[in-house]
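Colleague: Spelled out from the first residue to the last, the chains are:
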Amino acid sequence: MNSPARGRPPIRVVLVDDHRMFRTGVRAELAEAGAGGLVEFVGEAADVESAVAVVRSQLPDVVLLDVHLPGGLGQGGVDVLRGCVAVETAAGVPVRFLALSVSDAAEDVIAVIRAGARGYVTKTIGARDLLVAIRRVADGDAVFSPRLAGFVLDAFGAAAGELAEVDEELDRLSAREREVMRLIARGYQYKEVAKELFISIKTVETHVSSVLRKLQLSSRHELTAWAMGRKLI
Amino acid sequence: MPTPYERPPPGVEMTLPTRPPLARDRDGGLVAGVCAGVAAHLGVRSSAVRWTAAALTLLGGAAVPAYLFLWAVLPGRVSPGAQAAPGQSAQESERSRWLALVLLGAVGVAAGIALLVPTSSLGGSLLVPGLVIAVGAVIAWSTLDRAGRQAWLGEAVPTAPSAASGWLRTGLGAALALIGILVLVTRGQSLSGIWDSLLAAVAVLLGMAFILAPWGVRLWGDLRREQEASARASERADIAAHLHDSVLQTLALIQRQSTDPIAVTRLARAQERELRSWLYAGPEGSEASLAPAVTAAAHDVEDLHGVPIELVVTGDRPLEAHGQALVAAFREALLNAVRHGEAPVTAYVEIGPQGVEAFVRDRGTGFDLEGVPADRLGVRQSIIARMERHGGAARIRRREDGTEVELTLPALDDEGATP
Numbered sequence: 055m056n057s058p059a060r061g062r063p064p065i066r067v068v069l070v071d072d073h074r075m076f077r078t079g080v081r082a083e084l085a086e087a088g089a090g091g092l093v094e095f096v097g098e099a100a101d102v103e104s105a106v107a108v109v110r111s112q113l114p115d116v117v118l119l120d121v122h123l124p125g126g127l128g129q130g131g132v133d134v135l136r137g138c139v140a141v142e143t144a145a146g147v148p149v150r151f152l153a154l155s156v157s158d159a160a161e162d163v164i165a166v167i168r169a170g171a172r173g174y175v176t177k178t179i180g181a182r183d184l185l186v187a188i189r190r191v192a193d194g195d196a197v198f199s200p201r202l203a204g205f206v207l208d209a210f211g212a213a214a215g216e217l218a219e220v221d222e223e224l225d226r227l228s229a230r231e232r233e234v235m236r237l238i239a240r241g242y243q244y245k246e247v248a249k250e251l252f253i254s255i256k257t258v259e260t261h262v263s264s265v266l267r268k269l270q271l272s273s274r275h276e277l278t279a280w281a282m283g284r285k286l287i
Numbered sequence: 013m014p015t016p017y018e019r020p021p022p023g024v025e026m027t028l029p030t031r032p033p034l035a036r037d038r039d040g041g042l043v044a045g046v047c048a049g050v051a052a053h054l055g056v057r058s059s060a061v062r063w064t065a066a067a068l069t070l071l072g073g074a075a076v077p078a079y080l081f082l083w084a085v086l087p088g089r090v091s092p093g094a095q096a097a098p099g100q101s102a103q104e105s106e107r108s109r110w111l112a113l114v115l116l117g118a119v120g121v122a123a124g125i126a127l128l129v130p131t132s133s134l135g136g137s138l139l140v141p142g143l144v145i146a147v148g149a150v151i152a153w154s155t156l157d158r159a160g161r162q163a164w165l166g167e168a169v170p171t172a173p174s175a176a177s178g179w180l181r182t183g184l185g186a187a188l189a190l191i192g193i194l195v196l197v198t199r200g201q202s203l204s205g206i207w208d209s210l211l212a213a214v215a216v217l218l219g220m221a222f223i224l225a226p227w228g229v230r231l232w233g234d235l236r237r238e239q240e241a242s243a244r245a246s247e248r249a250d251i252a253a254h255l256h257d258s259v260l261q262t263l264a265l266i267q268r269q270s271t272d273p274i275a276v277t278r279l280a281r282a283q284e285r286e287l288r289s290w291l292y293a294g295p296e297g298s299e300a301s302l303a304p305a306v307t308a309a310a311h312d313v314e315d316l317h318g319v320p321i322e323l324v325v326t327g328d329r330p331l332e333a334h335g336q337a338l339v340a341a342f343r344e345a346l347l348n349a350v351r352h353g354e355a356p357v358t359a360y361v362e363i364g365p366q367g368v369e370a371f372v373r374d375r376g377t378g379f380d381l382e383g384v385p386a387d388r389l390g391v392r393q394s395i396i397a398r399m400e401r402h403g404g405a406a407r408i409r410r411r412e413d414g415t416e417v418e419l420t421l422p423a424l425d426d427e428g429a430t431p
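Quick mapping for you: the protein sequence lines, in order, are chains A and B.
Position 210 (the first sequence) corresponds to 264 in our numbering; numbering is contiguous.
Position 181 (the second sequence) corresponds to 193 in our numbering; numbering is contiguous.
Hints may contain errors.
Between beta-carbon pairs, the in silico distance windows are [to be verified]:
#1 A/A144 x B/P330: 54 to 64 Å
#2 A/A82 x B/L316: 44 to 54 Å
#3 B/I251 x A/T257: 26 to 36 Å
#4 B/I251 x A/G128: 10 to 20 Å
#5 A/G90 x B/R268: 34 to 44 Å
#6 A/G146 x B/L316: 51 to 61 Å
In case anyone wonders, no lab produced these hints; they're calculated from the structure.
It should be emphasised that the depicted structure is a prediction, and the values quoted were computed from it without experimental measurement.
All residues carry an ideal CB built from backbone N, CA and C; glycine is no exception.
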């Protein structure tokens, strides 16, 4: 882990998952991976209502959010995100959400991302990687799994050669964003991506955040068609 | 009474193209489709059959019991495609059918009203009002037979025109039957007497409807709930059967092999994949395209070695000889990665218009191609040489923390691009 993390206060985390065994497992694994001083668990919840209540009372830095949850309007994690819109921590930073699920089906991923989650990892992720992801999300950066990157390349037509003329275009990726996504899909960590493209990690993070923004705001047919079918828009 | 029918398998009609089986034509018919069905079976025009039936009805009424008998006995059949007379569009036939129906109803209503006039000599007979009631009942029940039964069985929702014609039929039939009953009951009475009894009948009907409505609503609700419950139960049974065949069997295997961690990992991973593809539908495309082929290769390697491979595939294209070579080389690269490298093994295949790029990456100590003994043909032959033979290329990069194999294929030429 990088040195800057040592000086700062622990990241306050709320864990939302309806399986108690999984919640216990995540806490134990993170403690084992040396998260003691880096991450502090301040609350847990097992359904939508209690999750919203815990987040609003604890104002954590990061919420680890399961995609499928009982309660609410039946949309699990998306309902939690809707219920916590504009909730800020004591420091005035928005509460960030990292989605955590066994399912890597595109519908689930895109639903929580478009509802405001800053990243998506599957539950098979290792403890060290999860720790990195939590810190990244707490810093306001985005966390993409290889599969999410692959989905982005597909959905934006980047794999088929569609590229944006200007970076600001919401419905297509820029050439650089495409390169970054391709490397993430190949299993590269951010620092490996940076090294491969001769750019700084900060620049990689900027590109990924920009892709996340496009993923949330774009009205590309591939991203909106199924959402309309589920009355999410 | 119409019997519930089973749609004849398509083969039946194909083996008997010249003479369709005797069945009611539920789409082409005016009332219950008996005449149209008989006409189709005999190979004559349906109007001829209809006129014959009408003539027989007038000459002693022999056609009426025959018609009712056939209606009750013959299975219904939805006419395949355009069963309308040749040269007549479906819409035209629909319109003419409506016209015939309205005319028939109007004639019936007029006849009924004529019967109500007490001076009519026919008013005294029992036969005519009975006939009117029967025709009314037939017309009203024909709706039940067709649209009603479909809706009740939870099949396709009746389309708007057929629903409208259903209401028309029901209304006409009910009016005819009502008139028939009135004629039967009020024979020989004055007009005011008829009017009084009509009012009384309507009042009784309304009262009965008012009393019975809650029962009807509850009965209807119960029926719907029961249908939903049975649909859910059958879905649950499907899921249970699937889980039993796959997940429970795998869990049993895992318990028996719990001392062998590799076998447990392999079983769990294979089961996870299978369950995922069942829940979320696997990679799209036919068996004969590239994306499912590379996915299958990765799954094979996973099953062989019990090492999970994180595979991401984007795009797809038809599987031809070059693609097959890529799949084989990809598989070889994966085998190397799981044998000599360390987890996690990641693989990314991008199939685009510019060509195919496949990457296989592991986190092992890596190997030096120059250091590989010359007798080890795996990498040189089955990866590099194979890709080059098919116009592609293979590159092996040694990184600080692992090895990455990169396979590329050029875009398909035109004749290959169209499957």
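Colleague: Evaluate each hint against the coordinates.
Modeller: Structure-based check of each hint:
1. A/A144 x B/P330: 54 to 64 Å: holds, 58 Å
2. A/A82 x B/L316: 44 to 54 Å: violated, 32 Å
3. B/I251 x A/T257: 26 to 36 Å: With Cβ atoms ~48 Å apart, the hint is violated.
4. B/I251 x A/G128: 10 to 20 Å: holds, 19 Å
5. A/G90 x B/R268: 34 to 44 Å: At roughly 39 Å between Cβ atoms, B/R268 and A/G90 fall inside 34 to 44 Å, so the hint holds.
6. A/G146 x B/L316: 51 to 61 Å: With Cβ atoms ~54 Å apart, the hint holds.
This entry does not satisfy hints 2 and 3, going by the numbered hints stated previously.
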